[in-house]
Amino acid sequence: MILFRRAVETDAGMLAGLFDRAARWMQQNGIEQWKPGDRDAAHFAARMRDGEVWLAVGSEGRIAGAYELWWSDEEAWGVQPPVAGYVHRLMVERRTAPAGTGRRMLEHAERRIAGSGLPRARLDCLSTNPRLLAYYRDAGYRVVGEFPHKEGRDGRVYGVVLLEKRLDRLSAV
439 MILFRRAVET DAGMLAGLFD RAARWMQQNG IEQWKPGDRD AAHFAARMRD GEVWLAVGSE
499 GRIAGAYELW WSDEEAWGVQ PPVAGYVHRL MVERRTAPAG TGRRMLEHAE RRIAGSGLPR
559 ARLDCLSTNP RLLAYYRDAG YRVVGEFPHK EGRDGRVYGV VLLEKRLDRL SAV
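Everything in the sequence shown is counted per the working numbering, starting at 439 for the first residue and increasing by one.
Accuracy of the hints is not assured; some may be wrong.
Simulated restraints on C-beta separations [to be verified]: (1) ALA552 - VAL581: 18 to 28 Å; (2) ARG575 - ASP606: 34 to 44 Å; (3) VAL595 - ALA484: 16 to 26 Å; (4) ALA484 - VAL517: 14 to 24 Å; (5) PRO586 - GLY451: 14 to 24 Å; (6) GLU498 - LYS588: 35 to 45 Å.
What the hints contain is simulated information worked out from the structure, not anything from laboratory work. Since we're looking at a predicted model, the values are computed, not measured. Here a beta-carbon is modelled for each residue, glycine too, at the ideal position from N, C-alpha and C.
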């Protein structure tokens with residue numbers, strides 16, 4: 439069973455550690471996306487002030503994962519009308535997370551977005567990560583564009599695929 443709670447500022451250091459472990463796992467599995475140290479406690483504290491950071495808590499109170507929920511993402515999506523919430527940094531604690539934790543976090547984010555009255559969930563995925571792209575597509579997201587020149591904190595330029603999921607019932611028709 440997974441429960442969700444909103445992160446508080448005292449969780450910021452733990453979130454930075456979770457990010458680093460997820461980044462190391464990516465590197466060990468040939469996924470060049472995140473780098474350990476790229477997101478520190480200050481980053482997560484700022485995200486808590488500007489948006490939402492959610493923790494997935496598994497059995498015995500152990501952290502199973504976390505994600506960020508933003509209410510705009512002009513860097514990747516440009517200026518948009520307020521019709522979507524943006525899921526970022528979906529991180530799973532591979533040592534303790536039960537199977538399906540990532541999907542449960544996506545569903546939680548989608549419920550938060552829909553509960554805010556917005557009809558779409560959006561996210562972006564590294565263009566060179568077909569495994570993650572397939573994961574999001576299997577979760578009901580569809581490709582709606584690409585942003586080929588996103589710039590990382592280290593100045594590296596990379597491409598991302600823009601994905602969207604309609605959350606209203608009319609889109610299922």
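Q. Has the hinted range 14 to 24 Å been met by the Cβ atoms of ALA484 and VAL517?
A. 21 Å, holds
Q: For the range 35 to 45 Å, tell me whether the beta carbons of GLU498 and LYS588 fit it or not.
A: 38 Å, holds
Q | Whether the CB-CB distance between ARG575 and ASP606 falls inside 34 to 44 Å | A | Since the Cβ atoms of ARG575 and ASP606 sit about 19 Å apart, the hinted range of 34 to 44 Å is violated.
Q: Could you see if the CB distance from ALA552 to VAL581 stays within 18 to 28 Å?
A: Holds, since ALA552 and VAL581 (Cβ atoms, about 21 Å apart) stay within the stated range.
Q) Does the Cβ-Cβ separation between VAL595 and ALA484 fall within 16 to 26 Å? A) 23 Å, holds
Q: May I ask you to test the hint 14 to 24 Å on the CB atoms belonging to PRO586 and GLY451?
A: 35 Å, violated
Violated hints, listed in ascending order, are 2, 5; each of the other numbered hints is respected by the structure.
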